[in-house]
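Colleague: Fit chain to chain and form the complex, with the hints in mind.
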Amino acid sequence: MSGEKRPFSFYVLAAFFGLFVLFLYGPMSTILILAFQGPNGGLTFPMNGVSLRWFQNLFEQQAVGDFGGAFTRSLILGLMVMVTTVLVSLLAGLAFRRRFLGSTVLFYLTISSLVVPSILVSLGIGLAFQIVGWQPAWWSSGFGAHLTWTLPFGVLIMFAVFNRFSPAYEEAARDLGASDWQTFAHVVLPMILPSLVGVGLFGFTLSYDEFARTLMTSGSFNTLPLEIYGMTTNVTTPVLYALGAVTTLVSAAAILAALAAITLIGKQRKKLGPS
Amino acid sequence: MRSMVEEARRSMTAIEAPSDILETPAPTMRRRASRRLASYLQAAPLALILGAFLLLPIAAIVIVSFWDYDSVQIYPDFVTLNYAETLGSWVTWRTFFNTVKFVVLVWAISLFVGFWVAYFLAFHVRTVKMQTALFLLCTIPFLTSNIIRMISWVPFLGRNGLLNSALVDLGIVPAPLEFLLFSEFAVVLAMVHLYALFMVTPIFNTLVRIDRSLVEAARDAGASATQILTNIIIPLAKPGIAIGSIFVVTLVMGDFITVRFMSGGQSASVGLMIANQISLLQYPAAAANAVVLLAVVLMMVAAILRIVDIRKEL
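Chains as they are written, first to last, in our numbering: chain A, 1 to 275; chain B, 1 to 314.
Hints are supplied without guarantee of correctness; some may be wrong.
[To be verified] Chain A stretches covered by chain B per the calculated footprint, using a threshold of three residues with CB under 8 Å from any CB of chain B: (1) 20-31; (2) 48-60; (3) 71-82.
[To be verified] Here are some chain B residues pointing at chain A (derived, C-beta under 10 Å): (4) Tyr40; (5) Ala59; (6) Val117; (7) Phe120; (8) Ile257; (9) Leu272.
Worth flagging that the hints you see were computed from the coordinates, not collected in a lab.
Bear in mind that the values here come from a model prediction, so they are computed numbers and not experimental data.
Just so it is clear, CB atoms sit at the ideal spot from N, CA and C, and this is done for glycine as well.
Just chain B, with the same shape it has in the complex (with noise of 0.2 Å):
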């Protein structure tokens, strides 16, 4: 698309050129260069922003994980201890360990999930109208609060909640489960429910574009719902799970909240790690955990955009 614009773009300058024989190039230029400080001014306040919110901040975090604290407070120095105590600790490698274990899950299941319900919107539903609508249905949800959706699993899958109720009322269990809320299995229900948006929206995107053409061409040609599925339409699909899959990955790689909060205090993440030191005191130690986290995020990311290349989608 953006090379369609330039190429117009060019015809256009094509077209302008014989009228530079009849008057001066002077004006096309002057205005061409005013669209350029246009284009620096327009991109300004994204730019300072983002400068000064994330560039700035993510700075101050690089030079704190080398700075030395006690109990009352930090001091400027540089000294690798806090990375040394963080990546010598077991701790610190258990905790992370489990945070990717959340990560599989919570990908796998939210991939799963996002995938078919983005197939049904794309390939079931035959009005856009009524696309727009049921889409529409899943959006809400995301744009209300987090720790609300994550509260409202209390009542459903609390010790004396509907679930366990139901179950014991049923004859199926004899005495209530407890696992079901305050623990991990409590935590990845939590995050799909949170995040499974973020896999539904892209790959909802990537599916309503595949040229319906190509499935009609490959059911004439003999091929079976299943080869139409792996052949053309899980490839064609790829982009949007990839960055989908970037979506699920970062956030759970960085939560503390949910985890906190589902697996009442049972387990941990990297995230939540980050959040005890900070409420702790210990910044240069949450900064160095804060660096060794981001590393690991981009790289995740680095080699999602690997296997896969989103920047056509873009």
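Bound-form chain A, shown alone (with noise of 0.2 Å):
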């Protein structure tokens, strides 16, 4: 198979595949490098020297606003959303093992919290909120507004994990005797340890970015999307780029560590496996 020749369509999909990549890559990549821009330079090509002066501008409180409080607001915010997610998605998936009465109305529930637009949960949760009398805040309306958000893709990732599961395992540890608390932490969590860092993932990156879900719901204090947002509207100097540099590298790194979680679980199941 592997030495066969190619079809002349495998190169035309691949240069297609290539330009898409490319798409997606492309505009990001100019602002990396435009970040950098000198500090006469402007928003677009030529480089007019190369510095870091965009960079310490973030840092200094009157020229962009809160930046370091929208940071860690949104960073703090991530983390609940991503350790809420994890939890909710795993029990929903358990409980989505066995058919008990309402699961279908609550997966379709979950489905639509995927297709109902974001405005409106915005929207909602802000009206919600104000006919109750509570101020809206982040860590309360803005945090459940991601959560509708990041949820509906956590129990579709277990539910796919759990449809592929084979009960066999379960089964056989329960045959040794284990009980249903070590069935489970022994046997069942290690094997979706690997899918729990990929909902872990999804849940920190779809919050960190999260922009038209906060509008209504963040309150008096602004998470980092909604602050880069109102930048787009004043700023008009390298900083804007030099912030999304740096919002970048902080879902990249993200994104690393869950990789590197997932190797790393891989080789020591390796280690411990019998072959």
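Modeller: As structure tokens, this is what we get:
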């Protein structure tokens, strides 16, 4: 098979795929370069020298508003959403393995959480808080708004995982006298751990970058995407790109950490495994 | 798959049955009852969160859409004025039409791009390792900020951007093209950039599950490459196409940030109209529009589900 000659269509599609990847990464790379624009450079090429000036600018409070605060809030919120998404999705995934009264309704409710436009979630939570008389805040209403976006992804991933999960392992564990909890902790959990890391990655990055659902639910303090959006209307220097570079770096770090964790789990398993 | 699990469980109870004669049936029954309770406890967090942050908020929107308002605040009431105003205004209809135009364009382009990217990954990449690596390469941008990804078009498409400089330098156009950035063209381009992955992933998932022997059999029976594509691969990829379409259609229908930023305020969408009303504190008007938008989105999803049954995919 691998020695077979590639058909002509392979080269056409490979070129198409290459263009697609270029389309995805090309624009992104230009702002990563322009973030190092010289002190007198503008928002577009050519580069007017190379400097770290715009990165310094980022940490001067008056230049770009409360970057540090917004960044910290987004980071904390992302971690809160990540932990909650992993726990709730895992539990729901376990529940959906058995049919129970209302399981279909709950499943469709989860799907509709993906389908309902973000601005509706934002508006609805904002209005609900207003009706009840609560102050919206990023850690309460914003937190809930983000969960309506991350949970469906988490639950669907767990759904796919458990659909392919053979109950034979658990039966074997139970035959050997393991309790329900031991079966879960020592058999099920280690097997699905890589998928849980994936769910966590989704939970963090989707929350960290969420804009529409935060719009009416963040209260008086901005999260980072709101801060960036505010900047696009009144900042006309490459400091915008520097901010873009820094937040992209955080997302990239999260992705790399997740991939490293998954690889590590795989290696560990190979070491412990019989062959 | 689910039915297999069901069957396995049923056969297990069949095996357990004889032992019931030896001991009392009470422990198994109690165990089953506790399992059922466990299901409810495990599902409860998800149900509570979605109830509180999805169902109640939508109920709040529906309620407020019947409220009255002035320039200062909103009043509990039961008026249908908000609906009459929005449905009676031709601006609303034009905005809906414009949004649907974006939906059709972005959907068609994403479907074309998404299908061929997924097809390449599923049928032309030979090792699973390489498939995973290339798929990850496509996924990574999706995990970064949408706003940054939009901003990143500025140095490329702007008046003095890379594309315009290149076109002018090569003598293809005499002056920089103005329509590249802050136009409907830019909106569609950015949306495809943001949402194409939602098409790639589900199509890729259905394509890798197609039994290769079907393709082999068709080839042995003398089918051409086009016949294999239209008679085997596309019909089997339909559920993936449907799931991807639901994602893209609902994302574009509700989008306001891409339209606002990439059109430079020169184009409208329903989401943007709602966002503007929110910023003017006209919540009941925004709520009425939101209810109409939700109804339209749900009808579109229902239409897609009528054409393709995706239930067996889940």
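Colleague: Are the hints correct? Go through all of them and say.
Modeller: Cross-check of the supplied hints:
{"no.": "1", "hint": "20-31", "verdict": "holds (count 10)"}
{"no.": "2", "hint": "48-60", "verdict": "violated (count 0)"}
{"no.": "3", "hint": "71-82", "verdict": "violated (count 0)"}
{"no.": "4", "hint": "Tyr40", "verdict": "holds, 6 Å"}
{"no.": "5", "hint": "Ala59", "verdict": "holds, 8 Å"}
{"no.": "6", "hint": "Val117", "verdict": "holds, 5 Å"}
{"no.": "7", "hint": "Phe120", "verdict": "holds, 4 Å"}
{"no.": "8", "hint": "Ile257", "verdict": "holds, 6 Å"}
{"no.": "9", "hint": "Leu272", "verdict": "holds, 9 Å"}
Consistency note: the structure conflicts with the earlier hints numbered 2 and 3.
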